[in-house]
Amino acid sequence: MSEPRPAATAPVGAVSPGAPASAFSRSEMMIVAAARELAGQRVCFVGVGLPNIAVNLARLTVAPELELVYESGAYGAKPARLPLSIGDPTIVTGATAVVSMFELFSFYLQGGLVDVGFLGAAQIDRFGNINSTVIGEYEHPKTRLPGSGGACEIAINARQVFVIMRQSKRSFVDRIDFRTSPGNLGGAEAAARIRSEEGWLGSGPSVVVTDLGIYHFDESGEMRLDSLHPGATLEQVRETMGWQARVAEPLAVTPTPTPEELRLIREQLDPEGAYTK
Amino acid sequence: MSEPRPAATAPVGAVSPGAPASAFSRSEMMIVAAARELAGQRVCFVGVGLPNIAVNLARLTVAPELELVYESGAYGAKPARLPLSIGDPTIVTGATAVVSMFELFSFYLQGGLVDVGFLGAAQIDRFGNINSTVIGEYEHPKTRLPGSGGACEIAINARQVFVIMRQSKRSFVDRIDFRTSPGNLGGAEAAARIRSEEGWLGSGPSVVVTDLGIYHFDESGEMRLDSLHPGATLEQVRETMGWQARVAEPLAVTPTPTPEELRLIREQLDPEGAYTK
Amino acid sequence: MSKVKSMRDAVAANVHDGDVVAIEGFTHLICFAAGHEIIRQRKRDLTLARLTPDLIYDQMVAAGVARKLVFSWLGNPGVGGLHAIRRRVEDADPAPLELEEYSHFGMVGRYTAGASNLPFFPLRSYFETDLPKANPLIRPIKSPYGDETVYAVPPLKPDVTVVHAQRADADGNTQMWGLLGCQKEAAFAAERVIVVVEELVDEAVIRADPNRTVFPGLIVDAVVVEPFGAHPSYVQGAYDRDNRFYRDWDAIAREAATTQAWLDEWVYGVSGRSEYVDKLGAERVASLKPSGEAPSGSVDYGVYK
Amino acid sequence: MSKVKSMRDAVAANVHDGDVVAIEGFTHLICFAAGHEIIRQRKRDLTLARLTPDLIYDQMVAAGVARKLVFSWLGNPGVGGLHAIRRRVEDADPAPLELEEYSHFGMVGRYTAGASNLPFFPLRSYFETDLPKANPLIRPIKSPYGDETVYAVPPLKPDVTVVHAQRADADGNTQMWGLLGCQKEAAFAAERVIVVVEELVDEAVIRADPNRTVFPGLIVDAVVVEPFGAHPSYVQGAYDRDNRFYRDWDAIAREAATTQAWLDEWVYGVSGRSEYVDKLGAERVASLKPSGEAPSGSVDYGVYK
Numbered sequence: 652m653s654e655p656r657p658a659a660t661a662p663v664g665a666v667s668p669g670a671p672a673s674a675f676s677r678s679e680m681m682i683v684a685a686a687r688e689l690a691g692q693r694v695c696f697v698g699v700g701l702p703n704i705a706v707n708l709a710r711l712t713v714a715p716e717l718e719l720v721y722e723s724g725a726y727g728a729k730p731a732r733l734p735l736s737i738g739d740p741t742i743v744t745g746a747t748a749v750v751s752m753f754e755l756f757s758f759y760l761q762g763g764l765v766d767v768g769f770l771g772a773a774q775i776d777r778f779g780n781i782n783s784t785v786i787g788e789y790e791h792p793k794t795r796l797p798g799s800g801g802a803c804e805i806a807i808n809a810r811q812v813f814v815i816m817r818q819s820k821r822s823f824v825d826r827i828d829f830r831t832s833p834g835n836l837g838g839a840e841a842a843a844r845i846r847s848e849e850g851w852l853g854s855g856p857s858v859v860v861t862d863l864g865i866y867h868f869d870e871s872g873e874m875r876l877d878s879l880h881p882g883a884t885l886e887q888v889r890e891t892m893g894w895q896a897r898v899a900e901p902l903a904v905t906p907t908p909t910p911e912e913l914r915l916i917r918e919q920l921d922p923e924g925a926y927t928k
Numbered sequence: 652m653s654e655p656r657p658a659a660t661a662p663v664g665a666v667s668p669g670a671p672a673s674a675f676s677r678s679e680m681m682i683v684a685a686a687r688e689l690a691g692q693r694v695c696f697v698g699v700g701l702p703n704i705a706v707n708l709a710r711l712t713v714a715p716e717l718e719l720v721y722e723s724g725a726y727g728a729k730p731a732r733l734p735l736s737i738g739d740p741t742i743v744t745g746a747t748a749v750v751s752m753f754e755l756f757s758f759y760l761q762g763g764l765v766d767v768g769f770l771g772a773a774q775i776d777r778f779g780n781i782n783s784t785v786i787g788e789y790e791h792p793k794t795r796l797p798g799s800g801g802a803c804e805i806a807i808n809a810r811q812v813f814v815i816m817r818q819s820k821r822s823f824v825d826r827i828d829f830r831t832s833p834g835n836l837g838g839a840e841a842a843a844r845i846r847s848e849e850g851w852l853g854s855g856p857s858v859v860v861t862d863l864g865i866y867h868f869d870e871s872g873e874m875r876l877d878s879l880h881p882g883a884t885l886e887q888v889r890e891t892m893g894w895q896a897r898v899a900e901p902l903a904v905t906p907t908p909t910p911e912e913l914r915l916i917r918e919q920l921d922p923e924g925a926y927t928k
Numbered sequence: 061m062s063k064v065k066s067m068r069d070a071v072a073a074n075v076h077d078g079d080v081v082a083i084e085g086f087t088h089l090i091c092f093a094a095g096h097e098i099i100r101q102r103k104r105d106l107t108l109a110r111l112t113p114d115l116i117y118d119q120m121v122a123a124g125v126a127r128k129l130v131f132s133w134l135g136n137p138g139v140g141g142l143h144a145i146r147r148r149v150e151d152a153d154p155a156p157l158e159l160e161e162y163s164h165f166g167m168v169g170r171y172t173a174g175a176s177n178l179p180f181f182p183l184r185s186y187f188e189t190d191l192p193k194a195n196p197l198i199r200p201i202k203s204p205y206g207d208e209t210v211y212a213v214p215p216l217k218p219d220v221t222v223v224h225a226q227r228a229d230a231d232g233n234t235q236m237w238g239l240l241g242c243q244k245e246a247a248f249a250a251e252r253v254i255v256v257v258e259e260l261v262d263e264a265v266i267r268a269d270p271n272r273t274v275f276p277g278l279i280v281d282a283v284v285v286e287p288f289g290a291h292p293s294y295v296q297g298a299y300d301r302d303n304r305f306y307r308d309w310d311a312i313a314r315e316a317a318t319t320q321a322w323l324d325e326w327v328y329g330v331s332g333r334s335e336y337v338d339k340l341g342a343e344r345v346a347s348l349k350p351s352g353e354a355p356s357g358s359v360d361y362g363v364y365k
Numbered sequence: 061m062s063k064v065k066s067m068r069d070a071v072a073a074n075v076h077d078g079d080v081v082a083i084e085g086f087t088h089l090i091c092f093a094a095g096h097e098i099i100r101q102r103k104r105d106l107t108l109a110r111l112t113p114d115l116i117y118d119q120m121v122a123a124g125v126a127r128k129l130v131f132s133w134l135g136n137p138g139v140g141g142l143h144a145i146r147r148r149v150e151d152a153d154p155a156p157l158e159l160e161e162y163s164h165f166g167m168v169g170r171y172t173a174g175a176s177n178l179p180f181f182p183l184r185s186y187f188e189t190d191l192p193k194a195n196p197l198i199r200p201i202k203s204p205y206g207d208e209t210v211y212a213v214p215p216l217k218p219d220v221t222v223v224h225a226q227r228a229d230a231d232g233n234t235q236m237w238g239l240l241g242c243q244k245e246a247a248f249a250a251e252r253v254i255v256v257v258e259e260l261v262d263e264a265v266i267r268a269d270p271n272r273t274v275f276p277g278l279i280v281d282a283v284v285v286e287p288f289g290a291h292p293s294y295v296q297g298a299y300d301r302d303n304r305f306y307r308d309w310d311a312i313a314r315e316a317a318t319t320q321a322w323l324d325e326w327v328y329g330v331s332g333r334s335e336y337v338d339k340l341g342a343e344r345v346a347s348l349k350p351s352g353e354a355p356s357g358s359v360d361y362g363v364y365k
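Chains as they are written, first to last, in the numbering used here: chain F, 652 to 928; chain B, 652 to 928; chain Z, 61 to 365; chain L, 61 to 365.
One or more of the hints may lead you astray.
[Said to hold, decoys possible] Calculated cross-link-like contacts (lysine-lysine; reagent style PhoX-like; alpha-carbon spacing at most 20 Å):
no.	chain 1	residue 1	chain 2	residue 2
1	L	Lys128	L	Lys65
2	Z	Lys365	L	Lys349
3	Z	Lys349	Z	Lys339
4	B	Lys793	B	Lys820
5	Z	Lys193	B	Lys793
6	Z	Lys128	Z	Lys193
7	L	Lys193	F	Lys793
8	B	Lys729	L	Lys365
9	Z	Lys128	Z	Lys217
10	Z	Lys365	F	Lys729
11	L	Lys202	Z	Lys202
12	F	Lys793	F	Lys820
13	L	Lys128	L	Lys217
14	L	Lys365	Z	Lys349
15	L	Lys217	L	Lys202
Keep in mind that the hints were calculated from the coordinates and are not lab data.
Produce the complete structure using the sequences and hints provided.
What follows is the structure, encoded as structure tokens:
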């Protein structure tokens, strides 16, 4: 499993155009921002929690053709409720296909059929390399995290990777303690060369959505803040990163969630507010 | 597919104890002899034609627990009629399991679950090495035969191999033109060493049933005539082999088919006499 | 968006001269209808891949569409040889035919590697045989654990795979039962996939039993609805294998002239499968009906809201 | 010959101190009943293999049956960490726990190699990660075609695999639907197999739908009939995942004392699964019933005489 843990959320204080910023939570903003990035995508490998809500929101809005793949073996799932785990029975009933994990990982993922894979992370570096294994030394960990699950093969084989995570000095770090999932390695040039030489199908991370903004990767393979969420400040961004932030000029402001997006999240996708309160 | 072609058959002329030899065909004798060799076996990889009748006869007589595996993917088949091909729909309906060929070859055969595999042959040598690929040179064949099908992996992975074929100077040869399926290679000692070094699960050929008699393999890995079918002579045996026959002392005479064995073949297993007339 | 096409359009759009084509199905679900349409469209220089070339490739080779076979067992199961192919292999009559030969498991491993984007597939086969000499693409590979060596086969990625099945929906989500052969692996390995079905069903039928789906519409380029399209092969639950035709073919194919006459009458002489079925006649078709029903029974997936 | 046994007898006969044990099932069909019986029989020094150790191995590790885990994702899905395991890993409390770590596909490949008697399984994973450093059993392997290098994992052959399923017959021919995980591969890879089912069915039910069979009785040593044996995991069509328990476990497992108290009450304190279900109560059980039926529908295999 590669799901990020549900992020604790907090209302955003400042005011911005569109829906009043106080009217939605930071998690809702993350979900909406991630969903919009899925416009035009076809096959998405879903993690549980925020990615699951984001992907389902995209299917109901910008990406009606989106097919959901769960590493547990369900393809074309249409969950009737928000699943707590990625193996919930609701992703099976009414799915297009339910297959063994051998088949899912061999033919769907490694075979190159997945357009977007979602990853969460305990630590990420400026090049989008991800650690979800340990904090501290591997042999004597300070904190033992879940480990790869399918994350390392998603990072290598999904055509592109979306990351959703909250940013903090502990998570956006200069050096990750363990590389579980490769991103742009030491930079775009080396990454492109290695990915091609080793025959990876994936081109690596393309988007990082946090509680503060949206990042893409520039020509050098480094994360660049392209859009700041309403209510978030550049200062907050800089305070929650272990490296010197690259910021797009001009820097966009993420459009606030529309009333329809919020309605879908609150009434249909997460009525109990498990992930979005 | 590894089935031998249906053998043309001829009534046996000479008289022997039990059922009168003229009362059954040479093919019936071969089937009965092969079936009896299956006593105590559990899982049998079936070829079509004579092996199919032999295996079904064994299931109804000496080996009631016998499970039939067809390389087409059926396990625990209970064919309601004699199938012409090993992919007949009658082996599917009512089978215990029907699986992909990947699974059949990976988990059942290569995984070591098959006790006995049946092979036919265009040519066999004294060590039980088999050719079912070409007569003549590979690049410029005099006769192009079917090729391996599953035969080469059966020879390597089935715990033991049974061969059913008619013997003649053209089929029992000093040197086979092409080794499709390994038997005892150049002799028992080398074969045992190589099978162990290379991790083969199979111990190789154990029985060859022909229209004239029953062969097992001696300590040197060579075929030895252990039983002569009623009506057949040692002279016939020697005239239809490309090497100096080894003959057991004392040489047994194969017990004739019992009335019940003949009834099962004629009324139930091959009522049209497609393989046994 | 529906992918339903006529066989003519599906073949015209997806099969090109020089392609590697796999019409798979182990005895079961062999799509003769597609093979015949490829003959009618006079495709050339195809490489034909199949575990068992069977009558379908004997016919296609006789019709001159192929320059090469990739296979593991070359025969008419239970009957004998494939004479049109043997003429080309043994006598280069009317032209040579290139052969690339594996074992069954080797072919299955090749499709599996192709479907999985692996550079090779390992198997315990070929030890001490002449097959690696006959085909240098069968190569030893050393295990990184201990001293063991096994054999590898390279991936097979057809340009187009044709799969016959009991049913699919308009998007190409496909279900089959009975012998599965390596249809799934051959489809996932292919650049393009044509699915030919006995019955077009609503998406809801597929979604009611998702474990029965062999592959999703995602990998499918065309869905052709062509009942009886597998004859003289068979479709579990729908019609029987026409063993009489398999036996008859042995005599037909023994001579080039009778083979061509058969192609003229049964392939070039009909516009497509429905005319072929008419020509076959109601009696022959009826004789291939199963003698009774054998229902699988239904299982419950449960509603989870 | 019937292989039906009580859970007590099945575990006593097939699970021995020091064994490599796999209780598989990806979220779905996790056999907690077998795990609890292993705890009650105070097995020791087990190596526990599973993609996702889940609560079942957190409980077994807390109970002291294990010396080692072989796994790919160590967490309580959607909730958080596995605290009993973390105590042993982070603080060696009360003793260290050995870890052998792969990715999901790596574990699937290991079972596949074990089931197929292959010395390794190749995959496109692990490139440029620290996993091969953390686990030197993950090794590069060069393709015999071209220059490509991929990674290999070694076979995993459990001494015993426990599989929970919807149904089996008395010989152990087993069918399941819904998420299949890698139960099939883990079963074929194992020396011994215990099948635990919701329902014992007649052989005829199995034979009516042979494509639904995941593995045959041939590889099965014991069949245990234990309805609700997967709780708090779930069985598609029979009962829902008890997400409340998955959340509750987070608090229970945070302290060694509360964990042991839970084990005392719910594992050592009951004789087996039926007492556990009674204790759980009719209301809780009823609350996990699916909200409706979702029938697969029936397909026809046809009678061929």
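**Study point:** Broken hints, by number
**Key:** 1, 15
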